[in-house]
Every structure is written in structure tokens, then in C-alpha cells.
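Novice: Spelled out, the chains give:
Number of protein chains: 2
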Amino acid sequence: MNRKRVGIVGAGQLGRMLALAGYPLGIECRVLDTAAEAPGAQVAPAVLGRLDDARALAELASQVDVVTLEIENVAVAPLEALLERTTVYPPPRAVAAAQDRLAEKTLFRSLEIPTTQFVVVDGEKDLGVAARELGWPLVLKTRRMGYDGRGQRVVSSEAELAAAWRELGGVPSIAEQWVRFVREVSLIAVRGANDERAFYPLAENVHRDGILARTVAPYVDASLQAHAERWLGALLSALDYRGVLTVEFFQTERGLLANEMAPRVHNSGHWTIEGAETSQFENHLRAVLGWPLGSTRARGHAAMLNLLGQLPPIEAVLAIPGAHFHDYGKSPRPGRKVGHCTLVDGDRERLLERLRAVERLVGL
Amino acid sequence: MNRKRVGIVGAGQLGRMLALAGYPLGIECRVLDTAAEAPGAQVAPAVLGRLDDARALAELASQVDVVTLEIENVAVAPLEALLERTTVYPPPRAVAAAQDRLAEKTLFRSLEIPTTQFVVVDGEKDLGVAARELGWPLVLKTRRMGYDGRGQRVVSSEAELAAAWRELGGVPSIAEQWVRFVREVSLIAVRGANDERAFYPLAENVHRDGILARTVAPYVDASLQAHAERWLGALLSALDYRGVLTVEFFQTERGLLANEMAPRVHNSGHWTIEGAETSQFENHLRAVLGWPLGSTRARGHAAMLNLLGQLPPIEAVLAIPGAHFHDYGKSPRPGRKVGHCTLVDGDRERLLERLRAVERLVGL
Numbered sequence: 042m043n044r045k046r047v048g049i050v051g052a053g054q055l056g057r058m059l060a061l062a063g064y065p066l067g068i069e070c071r072v073l074d075t076a077a078e079a080p081g082a083q084v085a086p087a088v089l090g091r092l093d094d095a096r097a098l099a100e101l102a103s104q105v106d107v108v109t110l111e112i113e114n115v116a117v118a119p120l121e122a123l124l125e126r127t128t129v130y131p132p133p134r135a136v137a138a139a140q141d142r143l144a145e146k147t148l149f150r151s152l153e154i155p156t157t158q159f160v161v162v163d164g165e166k167d168l169g170v171a172a173r174e175l176g177w178p179l180v181l182k183t184r185r186m187g188y189d190g191r192g193q194r195v196v197s198s199e200a201e202l203a204a205a206w207r208e209l210g211g212v213p214s215i216a217e218q219w220v221r222f223v224r225e226v227s228l229i230a231v232r233g234a235n236d237e238r239a240f241y242p243l244a245e246n247v248h249r250d251g252i253l254a255r256t257v258a259p260y261v262d263a264s265l266q267a268h269a270e271r272w273l274g275a276l277l278s279a280l281d282y283r284g285v286l287t288v289e290f291f292q293t294e295r296g297l298l299a300n301e302m303a304p305r306v307h308n309s310g311h312w313t314i315e316g317a318e319t320s321q322f323e324n325h326l327r328a329v330l331g332w333p334l335g336s337t338r339a340r341g342h343a344a345m346l347n348l349l350g351q352l353p354p355i356e357a358v359l360a361i362p363g364a365h366f367h368d369y370g371k372s373p374r375p376g377r378k379v380g381h382c383t384l385v386d387g388d389r390e391r392l393l394e395r396l397r398a399v400e401r402l403v404g405l
Numbered sequence: 042m043n044r045k046r047v048g049i050v051g052a053g054q055l056g057r058m059l060a061l062a063g064y065p066l067g068i069e070c071r072v073l074d075t076a077a078e079a080p081g082a083q084v085a086p087a088v089l090g091r092l093d094d095a096r097a098l099a100e101l102a103s104q105v106d107v108v109t110l111e112i113e114n115v116a117v118a119p120l121e122a123l124l125e126r127t128t129v130y131p132p133p134r135a136v137a138a139a140q141d142r143l144a145e146k147t148l149f150r151s152l153e154i155p156t157t158q159f160v161v162v163d164g165e166k167d168l169g170v171a172a173r174e175l176g177w178p179l180v181l182k183t184r185r186m187g188y189d190g191r192g193q194r195v196v197s198s199e200a201e202l203a204a205a206w207r208e209l210g211g212v213p214s215i216a217e218q219w220v221r222f223v224r225e226v227s228l229i230a231v232r233g234a235n236d237e238r239a240f241y242p243l244a245e246n247v248h249r250d251g252i253l254a255r256t257v258a259p260y261v262d263a264s265l266q267a268h269a270e271r272w273l274g275a276l277l278s279a280l281d282y283r284g285v286l287t288v289e290f291f292q293t294e295r296g297l298l299a300n301e302m303a304p305r306v307h308n309s310g311h312w313t314i315e316g317a318e319t320s321q322f323e324n325h326l327r328a329v330l331g332w333p334l335g336s337t338r339a340r341g342h343a344a345m346l347n348l349l350g351q352l353p354p355i356e357a358v359l360a361i362p363g364a365h366f367h368d369y370g371k372s373p374r375p376g377r378k379v380g381h382c383t384l385v386d387g388d389r390e391r392l393l394e395r396l397r398a399v400e401r402l403v404g405l
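Chains A and B are the protein sequences, given in the same order. Numbers 42 to 405, taken from our numbering, label the letters of the first sequence in order. Numbers 42 to 405, taken from our numbering, label the letters of the second sequence in order.
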């Protein structure tokens, strides 16, 4: 048997969980990161280097059958250059679209995927236009390097808007209408070889301070599921995508609005490790290698709680029935995603009770 | 957080799956093996050395919080000596009982656990007694180093018995009455700190040429489950056990007969990775660290097929709905356990159909 090797650009917790999902399948992952102690580098051989360094990327590529990534905020040009020597999934142009809010929104619109109303803010001169067209409050977001609530400000007046513009560095941005949402949901899709597709059930997400706090899945709404699948299906086709693709939506009274997409496995899909028949990590690997996809069906109900800053005592968490613990191997730091806990139960009410028990443990 | 380290004596597929179960829990395993390319040494740092080498064991112990093992056929004296410097679970005397068929049978009898009738065969002089007391056919088994059908012969005449005795090396043995069984089942128990206990559902096993071919679980029979749990409970107490303990039974028309026990995670428990709420590997680690145990409940029905000799094409296996693949990272060799495939399904009949599909793939 010819075992496969997959190179992962980035070695955070996503790279770590991808590498761990690979071992049972006989897939050896190699990770690229600047730090030898990165979560992924603790469980898989690492190439040390910057994620945008052509030589480091070439070295990674030389060791593997296919290159993928666990982060979208990487320079696209070196990834595109890599296409001359190896396969890169997802395609670099999907990465490019996901790392620039304007490109992303433009893509959504071109595919008739409903999204928030927005105004391009290239300079101070555009702030007035944004205020007039969108009203208050509005959200100013840098076009690039936005994740976990970074690079954005909610503002309610022209003075706040001007201050936010300066605070965010006066870089190319967009202003978005503030959306009154009922809830936030996300859909994780995966596309393999020969246009094989699979969609996980919708998950309901709660953010705190811009960072995902918890996910409960499945969020059952057949109509929303069908809409979201159609839109992600359009994205998969338009981008000739391979691998896992995630879109986060606002659910409003008038339906779903696409907020942003991530060309990778996603925090809101961590519940799939125990809560679905095949995890997002295994399905991403299967997809980039062109192997058949696994079932995305949920096993009962699942809840995922991010562990931020520091880990709670593992013995207290494991004493809660149905609790599974995921330690990313990081050192503590305020606000840092250091692990997550997943609960699975056949009964949704009991699941939520146990979720509250874990939340109390971590001081929420 | 003070992360835990567990040392594993042996680095075969069991050590590999233990190490992989450890990473999400923040447990770093260290394995001891003679070969740097051993399955477990591919996924965890290794101490290279013989499993009975006191210095190698001491080096392993110096790196970890607790020492455990993935194999029972190791010298007990060096393990006992290790108790002076670290914790060893399961207790070495449980290992001693499991590696000697006479000690094992004697222990079963002392706890009133039904087992096959047997005669001690210390020399040629005992062969006649065995023949008279047990009748034909009988099974001659060496007291030590028996696993996967090794060290045993079924014989049907005095001439065959004498020949078998010589073939097996004329070593201390036992002769057992041949048992007409309805099926073979196994029970996996786990005992943690403070006498916490958990039992997986019974699993039904099929052996071919003495090697486990497949397991289907749960095998639902409340009465047999209760009997088996009582007997394993008695063993856990008698041995002051910690970790996973497995007993294989023959189911006869008059109930269960204990055949043998293994003081470790077991091939007939591989289905628990996807088929139970907590795998035997995770529960073994939780137990030896004194952490709360996880639920042993089955998620629907599961079937496990051992992949022997060489791996089938992974793409063909993964195309079968519900199939999960486990590659042990070994090179092919006739009869060698190189991996396994697990199927999970809510419907037992559909599960068995899919199992037949995998069996056809591997030429069974």
C-alpha cells in the first residue's frame, strides 16, 4: 500500500486535529509553522518556516502528495507558485476570495447568495457615504486579516466611525450594515473528487467578544438547511473547490445572510469529531486526496464549548457524562483558544443542561 | 495545567491507538519497543529497548507519571521491580496471572468463574491422565506465550497428543476439554480510581485459524451480560485492578465458560473507537491516571473486521457507507494484523450486509 502524505500550511489546533485524523487512515501529515512547539508540530513532523516563505513551502511540498491549509490569512502568491510543483487544495483563488472581505462579498453577490449590505471604504472620503447609505449602527471591518473579531468595530456615530477608521489603521475596509439577527448558524460543506459533495447539518453558534464561544448541532430547519446547501453548493462549483468549506450566516427574520466564509475546517465543526459519523477533519483529508467522503450525519445532539485562556481541571470536565476533552497543547494566555469540550447526547434538553454544567466549570 | 505522561510497554497497534487516544486529552504517551518503526513509535516518542530490560523500563518510567502495557507476554519481575520507582497499572500480578494459563484458570476457579475442564501437563507422564479425564478431542496449550492461536493444538488421539506435546516444545502445558460452543463472546471491563467500574456491552467474536477475524457488538443478552459483569467484577476486585481488562468466553448451551483474560485493551474492543461513546483506549488512559471513566454505551451497532496480511485499497473500503479505516502503519506480511475496519449503523441487518461487502473486498 502506497501511504499518502498531506502537507498542512499552519500548525495550530486545526492542523493538529487534521494530523490526528490522518493517522488511522494511514495518512502522514507534515505541518509548516514558525514554531516547533505549535499544536500541530507536537503530533506531526514539521517544516519550520514562515507560511509565506517560498522555500519553506517548496520543502513542505517536496515531502507530500498534496498541500492544504488550516488558515486562510496566508499570502496567496507563494501558494499559487506552488501549483507548478504540486497539488494545492483548496485552490489558492478560493483562499484569496476568503481573505478579502470585498472579494468575498462580491463573490457572494455574483452567486446570488444573500449577504449584508455594505459600502467599500478605501479612504476617509468614503466614511460619509457609508454613514448615509447604511445608517447606525454600522460595522467597519478591514478587508484583510479579520478573524475572531479582530479588525472590526461597531460604531454608532460619525465621530466613532472616524475614530474606528484610525484605530483600524486606515487600511482598505468595508462598512457593513449592522444586522439584527435571531441567531448565528454555520454550514460546513465538503467537496471531493468527481464533484462528490457532502453537507453537515447546520450548527448554531454563539460568539462572545467576537470569538466563537459555543456551538450546538444539529440546528434543525429543513428550509434553512436547503437554502444554505444550495448557496454553498454554488460556491463549491464556482471555486472548483476541494476540501472543507465553511460559511457563517446570520439568521434574520427574513432568512439567512452570509457573513463570511472560511476555506478550511472550522471551529464551528469541532463537534463533528464525536457528534457526526465522520469528522470534518477526516472528510477534509479524504477530499483533498480524492477519496470517497464519509457520512456527515449527526449522532444525536452535540454541543461544543471553546476553552479560552486556560484549561479547566480535566478531571472535573470528564466527570460530566458525555463530555469529551480536547487539549491543543498550548500554554495559557488570556483569550487564547487552548482547547474545547464536546458533549454528545441523544436528548437535546439534557445536552444543554450538561453544557451549562461545563460552562459553570469554566466560570461562564 | 500539569499535563500527564503515560509510558506504554510495547508499541504495536494497541500502543499506537492508546497514544492517539491520549493526544486530545493532553496526555503524551511514551512507548517502549525494540523497533523504531513500530506502529506506536510512529505516533509517539519511543524508548528503544527490550520490554524486559530493566534499564529500558527505568528510562521509560523516568519520563512518565504511570507505566502501563499493551502486551501481557512480558517478564513480570522487571515490572515488579519498577514498582519501587513508579506506578504500574495494571498491577504486575494481574499480568502474571494472565500470562500463565494455569495461574489464570486457578484464579477463575477461586472466584467461581466457570471455565473449561483442564488437566495440568508438566511432562509426558501427564498426557495419559489428560486423555482419560478429558476425552477426545482435547486442546493442548502451552502455559505461556499463547496468543492468536499460537502454542496450542487440537488433538483427537493419543498419538496426536504425544506429537503435539513434542511440537509445542515439551514445555509446561495444560490440556483442556474441547468445548462445543454456540459462539464466542468477550467482555471488556475497566476499573479506575476509587473502585469506579464500567463494562462495555458483550461483543460477539469470530476467529479464523486462532486469530480474531471479526467482532460484532453489542451482543445483546441481559442475562449473559449480567453474569459476565459479575465475573469480571470479581476479577477486578481480586486483582485490585486498574485499567482495561478483557475476558473471552465460550458461550455453550449451559452458559458462558471463561476461556482467557487479557490485562489490556483488546482486539475485540476496537469497535469502541467509533461504536461506543468512549473508546476502550481513552478509558484505559483515564483509568490508569485515576480520571473519571467515560460512558461505555454503544452507539447503535458496530462491526470490526481485522485486516490481515495486507491492506485492501482504502478508497474501496471508504466507499462503503459507515466504514472507518484503521491502518497500523505496518508493512505487509502473511497473517499479520495490519489494520482493521469498523462499520457503524443503527440497523443490525444493514450493518451485516455492509460487513459482507468489506469481507468480499478483502477476499473473505
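The set of hints was computed from the structure by calculation and includes no laboratory data. Keep in mind that the hints are not guaranteed to be accurate.
The list treats identical chains as interchangeable, and a pair is accepted whether it falls inside one copy or across any two copies.
[To be verified] List time: in silico SDA-like cross-link candidates among lysine to any residue, alpha-carbon distance up to 25 Å:
no.: 1; residue 1: Lys45; residue 2: Gln266
no.: 2; residue 1: Lys166; residue 2: Gly331
no.: 3; residue 1: Lys45; residue 2: Pro86
no.: 4; residue 1: Lys45; residue 2: Gln351
no.: 5; residue 1: Lys45; residue 2: Ala77
no.: 6; residue 1: Lys166; residue 2: Thr147
no.: 7; residue 1: Lys45; residue 2: Pro353
no.: 8; residue 1: Lys378; residue 2: Ile361
no.: 9; residue 1: Lys166; residue 2: Thr293
no.: 10; residue 1: Lys45; residue 2: Gln83
no.: 11; residue 1: Lys166; residue 2: Leu405
no.: 12; residue 1: Lys45; residue 2: Gly404
no.: 13; residue 1: Lys166; residue 2: Ala279
no.: 14; residue 1: Lys45; residue 2: Pro362
no.: 15; residue 1: Lys45; residue 2: Ser198
no.: 16; residue 1: Lys378; residue 2: Asp281
Novice: The structure should be examined with respect to each hint, and the outcome stated for every one.
Specialist: Outcome of the hint check:
Proximity of Lys45 to Gln266 under the C-alpha cut-off of 25 Å is found in neither arrangement, the shortest distances being 34 Å within a copy and 42 Å between copies. Taking identical chains as interchangeable, the C-alpha atoms of Lys166 and Gly331 are never at most 25 Å apart, the minima being 48 Å within one chain and 64 Å between chains. Taking identical chains as interchangeable, the C-alpha atoms of Lys45 and Pro86 lie at most 25 Å apart whether they share a chain (14 Å) or sit on different chains (22 Å). Taking identical chains as interchangeable, the C-alpha atoms of Lys45 and Gln351 lie at most 25 Å apart only when they sit on different chains, with a minimum of 16 Å there against 35 Å within one chain.
Taking identical chains as interchangeable, the C-alpha atoms of Lys45 and Ala77 lie at most 25 Å apart whether they share a chain (23 Å) or sit on different chains (20 Å). In this homomeric assembly, Lys166 and Thr147 come within 25 Å of each other (Cα to Cα) only inside a single copy, at 21 Å, whereas the closest approach across copies is 90 Å. For the homomeric pair Lys45 and Pro353, the shortest alpha-carbon distance between copies (14 Å) is at most 25 Å, but the shortest distance inside one copy (37 Å) is not. Taking the shortest alpha-carbon separations for Lys378 and Ile361, only the intra-copy value of 21 Å comes in at or below 25 Å, while the best inter-copy value is 36 Å.
When the C-alpha separation of Lys166 and Thr293 is checked against a cutoff of 25 Å, the pair qualifies neither within a copy, at 31 Å, nor between copies, at 87 Å. Proximity of Lys45 and Gln83 under a CA criterion of 25 Å is satisfied in both settings, with 20 Å inside one chain copy and 15 Å between copies. Taking the closest pair of Cα atoms, Lys166 and Leu405 never come within 25 Å of each other, the shortest separation being 42 Å inside a single copy and 74 Å across copies. For a Cα distance limit of 25 Å, the shortest separation of Lys45 from Gly404 across copies, 24 Å, qualifies, whereas the shortest one inside one copy, 43 Å, does not.
In the homo-oligomer, the alpha carbons of Lys166 and Ala279 never lie at most 25 Å apart, since the shortest distance is 34 Å inside one protomer and 81 Å across protomers. Taking the shortest alpha-carbon separations for Lys45 and Pro362, only the inter-copy value of 22 Å comes in at or below 25 Å, while the best intra-copy value is 37 Å. Taking the closest pair of Cα atoms, Lys45 and Ser198 never come within 25 Å of each other, the shortest separation being 55 Å inside a single copy and 52 Å across copies. For a Cα distance limit of 25 Å, the shortest separation of Lys378 from Asp281 qualifies neither inside one copy, at 32 Å, nor across copies, at 40 Å.
Checked against the numbered hints above, the structure breaks hints 1, 2, 9, 11, 13, 15 and 16 and satisfies the rest.
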